[in-house]
Amino acid sequence: IAGITQAPTSQILAAGRRMTLRCTQDMRHNAMYWYRQDLGLGLRLIHYSNTAGTTGKGEVPDGYSVSRANTDDFPLTLASAVPSQTSVYFCASSWDRGGNSPLHFGNGTRLTVT
Amino acid sequence: DQQVKQNSPSLSVQEGRISILNCDYTNSMFDYFLWYKKYPAEGPTFLISISSIKDKNEDGRFTVFLNKSAKHLSLHIVPSQPGDSAVYFCAARGTGANSKLTFGKGITLSVRP
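Residue numbers (this note's numbering), protein chains in the order written: chain A, 1 to 114; chain B, 115 to 227.
Treat the hints as calculated values from the structure; they're not laboratory data.
Each residue gets a CB set at the ideal place from its N, CA and C atoms; glycine is no exception.
Incorrect hints may appear among the rest.
Said to hold, decoys possible - The following label-pair restraints were derived from C-beta to C-beta distances:
#: 1; chain 1: B; residue 1: 192; chain 2: A; residue 2: 5; range: 34 to 42 Å
#: 2; chain 1: B; residue 1: 227; chain 2: A; residue 2: 10; range: 26 to 34 Å
#: 3; chain 1: B; residue 1: 116; chain 2: A; residue 2: 83; range: 22 to 30 Å
#: 4; chain 1: B; residue 1: 227; chain 2: A; residue 2: 82; range: 37 to 45 Å
#: 5; chain 1: A; residue 1: 17; chain 2: B; residue 2: 197; range: 35 to 43 Å
#: 6; chain 1: A; residue 1: 20; chain 2: B; residue 2: 183; range: 45 to 53 Å
#: 7; chain 1: B; residue 1: 166; chain 2: A; residue 2: 57; range: 24 to 32 Å
#: 8; chain 1: B; residue 1: 154; chain 2: A; residue 2: 7; range: 41 to 49 Å
#: 9; chain 1: A; residue 1: 5; chain 2: B; residue 2: 209; range: 29 to 37 Å
#: 10; chain 1: A; residue 1: 10; chain 2: B; residue 2: 160; range: 18 to 26 Å
#: 11; chain 1: A; residue 1: 84; chain 2: B; residue 2: 140; range: 25 to 33 Å
#: 12; chain 1: B; residue 1: 227; chain 2: A; residue 2: 61; range: 40 to 48 Å
#: 13; chain 1: A; residue 1: 51; chain 2: B; residue 2: 165; range: 21 to 29 Å
Taking the hints into account, I'd like the entire structure generated from these sequences.
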């Protein structure tokens with residue numbers, strides 16, 4: 001089934017540790033995104049990529065980095081996790097960033113930083 | 115500054131009745147609006163959208179209305195079904211390659227059997 005795969009599904013991480021959340025799509029979408037969902041705050045954009053080889057910062061990029069080496073993969077890295085990064089992380093993709101192009105989301109990674 | 119506002123955190127309706135979910139926005143540059151539905155432990159899924167050149171878009175039981183002068187949109191679900199119980203996110207975007215999708219905080223809809 002075509003779509004977005006995120007891994008791991010959930011993770012408990014000690015503060016200060018490094019963690020990479022994986023995201024793979026098989027729809028050949030150009031654009032990819034990382035959002036975090038927090039209670040009372042909705043979905044906030046962390047980083048995005050319009051196309052392979054390019055990335056950009058969203059609303060809440062601090063403490064996170066991304067790379068887009070190819071069309072399918074868009075990993076999110078926390079270099080040194082802090083408790084405020086406890087959240088549910090959603091990866092998404094779309095044909096492009098403008099116009100009538102809805103986002104397709106993965107099922108999320110629930111991350112707890114202790 | 116929250117540009118997309120869903121001021122009611124929750125809504126409860128009886129099965130078969132109409133559900134009306136409201137959304138307000140502040141950015142006059144937004145011209146494309148979407149609704150997403152989210153079940154627990156799943157990612158949001160696209161439900162319906164509307165461009166600013168329209169004031170209504172309908173898809174089965176779901177209709178979205180847009181009032182640009184009031185910077186207000188609403189999602190109507192008729193008739194509501196228990197399977198519609200979920201969190202609904204309103205989102206808005208301007209045009210252009212660098213526009214980003216801005217989400218509201220979401221509203222939890224409960225449809226009572």
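Going through the hints against the structure:
At roughly 35 Å, the beta carbons of residue 192(B) and residue 5(A) sit within the given window of 34 to 42 Å. The hinted window of 26 to 34 Å between residue 227(B) and residue 10(A) holds, with their beta carbons roughly 31 Å apart. Distance hint check for residue 116(B) and residue 83(A): the Cβ-Cβ separation is about 24 Å, which falls inside the suggested range of 22 to 30 Å. For the pair residue 227(B) and residue 82(A), the beta carbons lie near 43 Å from each other, so the given range of 37 to 45 Å is met.
One distance hint, 35 to 43 Å for the beta-carbon pair residue 17(A) and residue 197(B), holds here, with the actual separation near 40 Å. Checking the proposed 45 to 53 Å range against residue 20(A) and residue 183(B) shows it holds: the Cβ atoms sit about 46 Å from each other. The given range of 24 to 32 Å is respected by residue 166(B) and residue 57(A), whose C-beta atoms sit roughly 27 Å from each other. Taking the beta carbon of each, residue 154(B) and residue 7(A) are about 19 Å apart, not inside 41 to 49 Å as hinted.
In this structure the supplied range 29 to 37 Å holds for residue 5(A) paired with residue 209(B), their Cβ-Cβ distance being about 30 Å. The hinted window of 18 to 26 Å between residue 10(A) and residue 160(B) holds, with their beta carbons roughly 24 Å apart. A hinted range of 25 to 33 Å for the beta carbons of residue 84(A) and residue 140(B) is consistent with their spacing of about 26 Å. Remark: the range hint 40 to 48 Å for residue 227(B) to residue 61(A) is upheld by a beta-carbon distance near 44 Å.
The hinted window of 21 to 29 Å between residue 51(A) and residue 165(B) holds, with their beta carbons roughly 24 Å apart.
Violated hints amount to a single one, hint 8; each of the other numbered hints is respected by the structure.
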